[in-house]
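Asks: Using the UniProt record's numbering, read the sequence shown as starting at 1 and increasing by one per residue.
Hints listed in this document are in silico derivations from the structure and should not be mistaken for laboratory results.
The structure presented is a predicted model; accordingly, all values stated were derived computationally and were not measured.
Any given hint might turn out to be false.
Restraint-style ranges between C-beta atoms, simulated for each label pair [claimed, not checked]:
#	residue 1	residue 2	range
1	R143	V40	41 to 49 Å
2	R149	L45	43 to 51 Å
3	L41	L132	43 to 51 Å
4	R56	W23	48 to 56 Å
5	T99	L53	18 to 26 Å
6	V30	L119	47 to 55 Å
7	A62	A124	36 to 44 Å
8	S21	T110	22 to 30 Å
Every residue, glycine too, gets a C-beta built ideally from N, C-alpha and C.
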Amino acid sequence: MNDEPRLSAEEMIGRLSGALSPWRRVRGVVALVAGLAGAVLIGSLWATEPGPLPGRTRLAFAMLTLFCLAWACYGGWAVTRRAPLFAADRVVAGWLALTASAATTALMVTVAARRGSGLAPALAAGSALVALSIVLTVRAHARRRALLRRKHELSGERDAGRGTGGT
1 MNDEPRLSAE EMIGRLSGAL SPWRRVRGVV ALVAGLAGAV LIGSLWATEP
51 GPLPGRTRLA FAMLTLFCLA WACYGGWAVT RRAPLFAADR VVAGWLALTA
101 SAATTALMVT VAARRGSGLA PALAAGSALV ALSIVLTVRA HARRRALLRR
151 KHELSGERDA GRGTGGT
């Protein structure tokens with residue numbers, strides 16, 4: 001027989017969740033600080049332009065500022081959560097990355113097409129970023145489903161796949 005002590009369902013769920021492990025806290029703080037720093041940098045560059053900017057440039061500045069603020073919000077949310085996240089942080093980060101890479105790719109391709117040059121590199125770089133984001137998002141969803149399924153098994157709940165909000 002195994003001499004290891006048996007864990008209760010709550011202890012096992014606690015081990016599975018990793019709600020605020022040091023590595024996750026560091027990742028959240030890095031996202032928070034980098035997002036705020038990026039938003040301040042881009043916002044100050046935008047605000048200190050000597051003259052009016054073209055519409056595409058204003059759109060690019062606005063998108064980049066918005067993405068930086070989204071990452072800052074994500075980092076703040078991940079750091080301040082006290083409850084088990086069950087990989088919800090990875091799902092949110094995956095969707096942020098996918099949204100940002102898709103919008104950035106669309107903007108790069110639009111600019112390259114209007115310029116008449118650089119369309120192939122813009123499509124290649126953008127497609128690579130979108131593909132990577134899709135892979136990470138799909139993996140995050142799979143990990144979250146596995147953790148929630150295990151949680152339901154340990155807590156004795158029936159219909160483990162239901163009521164998870166599709167994540």
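Asks: At the C-beta level, are V30 and L119 separated by a distance inside 47 to 55 Å?
Replies: Once the Cβ atoms are compared, 34 Å apart, the range 47 to 55 Å for L119 and V30 is violated.
Asks: Is the gap between the beta carbons of S21 and T110 within 22 to 30 Å?
Replies: violated, 41 Å
Asks: Using the Cβ atoms, figure out if R143 sits within 41 to 49 Å of V40.
Replies: violated, 33 Å
Asks: Should the hint that R56 and W23 are 48 to 56 Å apart at their CB atoms be regarded as holding?
Replies: violated, 39 Å
Asks: Given the hint of 18 to 26 Å, is the C-beta distance from T99 to L53 inside that range or not?
Replies: Given about 24 Å between the Cβ atoms, the range holds.
Asks: Tell me if the beta carbons of A62 and A124 are separated by a distance inside 36 to 44 Å.
Replies: For A62 and A124 the Cβ distance comes to about 25 Å; the hint is violated.
Asks: Measuring from beta carbon to beta carbon, are R149 and L45 in 43 to 51 Å?
Replies: holds, 46 Å
Asks: Assuming the hint says 43 to 51 Å, is it satisfied by the Cβ distance from L41 to L132 or not?
Replies: violated, 24 Å
The structure is inconsistent with the numbered hints 1, 3, 4, 6, 7, 8, although it conforms to all the rest.
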